[in-house]
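Number of protein chains: 2
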Amino acid sequence: MEIAFEKSGGLVPAIIQDARSDEVLMLGFMNAEALTETRRTREAVFFSRSRNRLWKKGETSGHVLRVLEIRVDCDADALLLRVVPLGPGVCHKGYRSCFFRQIEDNGSVRTVEERRFDPDKVYAPGAER
Amino acid sequence: MEIAFEKSGGLVPAIIQDARSDEVLMLGFMNAEALTETRRTREAVFFSRSRNRLWKKGETSGHVLRVLEIRVDCDADALLLRVVPLGPGVCHKGYRSCFFRQIEDNGSVRTVEERRFDPDKVYAPGAER
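These protein sequence lines are chains L and P, in that order. Counting in our numbering, the first sequence runs from 9 upward without gaps. Counting in our numbering, the second sequence runs from 9 upward without gaps.
Because the hints were derived from the structure by calculation, they are not lab data. Heads up, some of the hints might be wrong.
Identical copies look the same in the list; a pair holds intra-copy or inter-copy alike.
Here are the simulated DSS-like pairs of lysine-lysine, each with C-alpha atoms no more than 25 Å apart in a straight line [unchecked claim]:
#1 Lys-15 to Lys-129
#2 Lys-101 to Lys-15
#3 Lys-129 to Lys-64
#4 Lys-64 to Lys-15
#5 Lys-64 to Lys-101
#6 Lys-129 to Lys-101
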C-alpha cells in the first residue's frame with residue numbers, strides 16, 4: 009500500500025477514533041517512519057511539526073494509544089486509526105478528546121466536555137506535553 | 009475564535025463525522041474562507057488542494073453535508089464537523105465513508121465496506137468528483 013506522503017510535504021493527517029465509543033479523540037500527522045513505527049509497535053507514533061521529530065503519544069503521560077485498526081482513504085492521503093486509549097484522556101489539557109470545544113454561531117467557543125484529569129499531575133514541570 | 013490557519017500554510021484539516029452513527033466519513037482541508045462559508049451556509053465547504061479553489065461537497069453529486077456542530081481542537085489547528093450527510097455516501101468511489109479500506113498486517117489493503125452507489129450514475133462523464 010502506497011500512502012501519498014509526498015502530496016503534503018511528507019506528512020498525512022491521521023484521525024484518532026476511540027474503537028469502543030467511536031468518539032474522535034485527536035488528529036496528528038504521520039510521515040512514513042511514524043506509520044511504520046505505529047504498525048510495528050501497534051501504538052500510535054506521530055511526527056510532531058512543532059518538535060520536528062517522531063513523537064510517541066503517551067511517551068510522557070503514559071496515555072498510550074493502542075491501535076486496533078488502520079484505515080486509509082480513497083485518495084490514500086489520510087489515515088483513520090481506531091484505538092483503545094490508555095488513561096483518562098488524550099488531550100494534554102486534561103480532556104478525553106482534544107475536540108472539547110464547540111464553535112458557536114457568534115464565533116465564540118464553548119467547552120462542551122468535562123475535564124478528566126489535571127495535566128499538572130500527569131506531566132512533570134517543564135515536560136513536553 | 010482564532011483558528012491557526014497559518015500553521016499549515018493557510019489550511020487546517022477538517023474531520024467529517026456522521027452525527028447519527030459517529031462514523032468518520034472523510035477528511036478535507038479548510039482555509040479561512042471555506043470555514044466562513046461553511047458556517048454561513050451550514051453546509052460543508054472545503055478548499056481543494058488539487059483544484060486550488062473552494063469546493064462545496066455535493067456541488068456535483070448533490071451529496072451535501074449538513075453541518076450540525078463544529079468543534080475545534082486544543083491547539084486550534086484541526087476541526088471536527090458533525091454532519092448529516094445527504095445521499096447514500098460521501099466517497100466519490102461509491103462508499104459511505106472514504107475510509108473504506110483497511111491496511112492489513114502484511115501491508116496490503118482490504119476493502120471492508122460495501123459499495124452504496126455507482127459513481128458513474130451520480131457524476132456526469134468528465135465531471136469533477
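Quiz item: When no copy is specified for Lys-64 and Lys-101, does a C-alpha distance of 25 Å or less occur within a copy, between copies, both, or neither?
Solution: within (17 Å within a copy, 33 Å between copies)
Quiz item: At most 25 Å between C-alpha atoms: does Lys-129 with Lys-64 qualify within a copy, between copies, both, or neither?
Solution: Within one copy only: 20 Å inside, 44 Å across.
Quiz item: Between Lys-15 and Lys-129, at a C-alpha cutoff of 25 Å, which is it: within one copy, between copies, both, or neither?
Solution: The answer is neither: 40 Å in one copy and 29 Å across copies each exceed 25 Å.
Quiz item: Between the shortest in-copy and the shortest cross-copy C-alpha distance, which are at most 25 Å for Lys-64 and Lys-15: within, between, both, or neither?
Solution: Answer is both: 23 Å inside a copy and 21 Å across each meet the 25 Å cutoff.
Self-check item: Within, between, both or neither: Lys-129, Lys-101 at alpha-carbon 25 Å
Solution: within (11 Å within a copy, 47 Å between copies)
Exercise. Measure nothing new, just compare the shortest in-copy and cross-copy C-alpha distances for Lys-101 and Lys-15 to 25 Å and report within, between, both or neither.
Key: between (31 Å within a copy, 20 Å between copies)
Of the numbered hints listed earlier, the single one contradicted by the structure is hint 1.
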